[in-house]
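S.K.: Residues per chain are reported as follows:
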Amino acid sequence: AQSVTQLDSQVPVFEEAPVELRCNYSSSVSVYLFWYVQYPNQGLQLLLKYLSGSTLVKGINGFEAEFNKSQTSFHLRKPSVHISDTAEYFCAVSDVMDSNYQLIWGAGTKLIIKP
Amino acid sequence: NAGVTQTPKFQVLKTGQSMTLQCAQDMNHEYMSWYRQDPGMGLRLIHYSVGAGITDQGEVPNGYNVSRSTTEDFPLRLLSAAPSQTSVYFCASSASRDRGNTIYFGEGSWLTVV
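Chains A and B, in that order, are what the protein sequence lines are. In this text, residue positions in the first sequence follow this note's numbering: the first is 1, and each later residue adds one. In this text, residue positions in the second sequence follow this note's numbering: the first is 1001, and each later residue adds one.
Source of the hints: derived by calculation from the structure; they are not laboratory data. Possibly wrong hints are sitting among the right ones.
Below, a list of computed lysine to any residue pairs in the SDA-like style, where the Cα atoms sit at most 25 angstroms apart [said to hold, decoys possible]:
| hint | chain 1 | residue 1 | chain 2 | residue 2 |
| --- | --- | --- | --- | --- |
| 1 | A | K49 | B | K1009 |
| 2 | A | K78 | A | E64 |
| 3 | A | K49 | B | T1112 |
| 4 | A | K78 | B | G1040 |
| 5 | A | K110 | B | W1110 |
| 6 | A | K58 | B | W1110 |
Chain A side only, calculated, beta carbon under 7 angstroms to chain B, not exhaustive [what the hints assert, rightly or not]:
| hint | residue |
| --- | --- |
| 7 | Y32 |
| 8 | Q42 |
| 9 | G43 |
| 10 | L46 |
| 11 | L51 |
| 12 | S94 |
| 13 | A107 |
Glycine included, each C-beta is placed from N, C-alpha and C at the ideal position.
Could you build all of it, start to finish, from the sequences and the hints given here?
M.R.: Put into structure tokens, the structure is as follows:
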């Protein structure tokens, strides 16, 4: 069964520094990949998604992620973070051939921006 | 833009009590779902619906009931609350079950069972 690992539960980073949030999934079958962001006391919202095509996916708020099939990873990056990026970030994956259309979620990574 | 609206935002229940979490969406979405979010565990699917009159179980359905009498509404009922149901609950909707569709989430309901 598919599983998702977000390797860091918290990532502290100084404002204007670059950041990478790591996401690995277990199975190398064809997958759809997602990053969602949850700002404090709010619901989740889509940051970006990979369905097919270019392995470099650009999302909102200057974030991008790269799909690496050989390493079964979908790491999220931003070249320069802002205090407003303080949030929890969730990676999710779904097997393309899963007839149950199941979406498997990672445990989340809290991005902490230090001024 | 209302999107997905869920109520109440906060609730404290005693063990054994029942309650209903309300969820409504105004985007005419076919697919609606309920998740629970627990620390260190990500989101887990409780129940989902692919249209009015159709519901099905997700990963953790025990202790919860749902119904979908209209396209807009998808309430979640806790039948007899237990401390293990202390969690944050999110209602979500998307145009269809197709995973390529964006999922829209409500702002969450914080439930504590004592």
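S.K.: If a hint holds in the structure, say so; if it does not, say that too.
M.R.: Cross-check of the supplied hints:
1. Proposed proximity of K49 (chain A) and K1009 (chain B) is contradicted: the alpha carbons are some 29 angstroms apart, above 25 angstroms.
2. Among the hinted pairs, K78 (chain A) with E64 (chain A) is consistent with the structure: their alpha-carbon atoms are about 6 angstroms apart, no more than 25 angstroms.
3. In summary, the hint linking K49 (chain A) to T1112 (chain B) is not supported, as the alpha carbons are separated by about 33 angstroms, beyond the 25 angstroms threshold.
4. About 24 angstroms separates the Cα atoms of K78 (chain A) and G1040 (chain B), which keeps this hinted pair within 25 angstroms; it holds.
5. This hinted pair checks out: K110 (chain A) and W1110 (chain B) have alpha carbons roughly 19 angstroms apart, not beyond 25 angstroms.
6. Pair hint K58 (chain A) plus W1110 (chain B) does not hold up; C-alpha atoms about 32 angstroms apart against a cutoff of 25 angstroms.
7. For Y32 (chain A), the interface hint holds, the least distance from its beta-carbon to any beta-carbon of chain B being 5 angstroms, beneath 7 angstroms.
8. Contact between Q42 (chain A) and chain B, as hinted, is supported at the beta carbon level, the nearest pair being about 6 angstroms apart and thus within 7 angstroms.
9. Checking G43 (chain A) against chain B by beta carbon gives a least distance of about 3 angstroms; that is within 7 angstroms, so the hint holds.
10. Proximity of L46 (chain A) to chain B holds as hinted, the smallest CB-CB distance being about 5 angstroms (cut-off 7 angstroms).
11. Residue-level restraint check for L51 (chain A) holds (minimum Cβ-Cβ distance to chain B is 5 angstroms; threshold 7 angstroms).
12. Here the hint on S94 (chain A) is kept, as its CB sits about 5 angstroms from the closest CB of chain B, short of 7 angstroms.
13. A least Cβ separation of about 5 angstroms between A107 (chain A) and chain B falls short of the 7 angstroms threshold, and the interface hint therefore holds.
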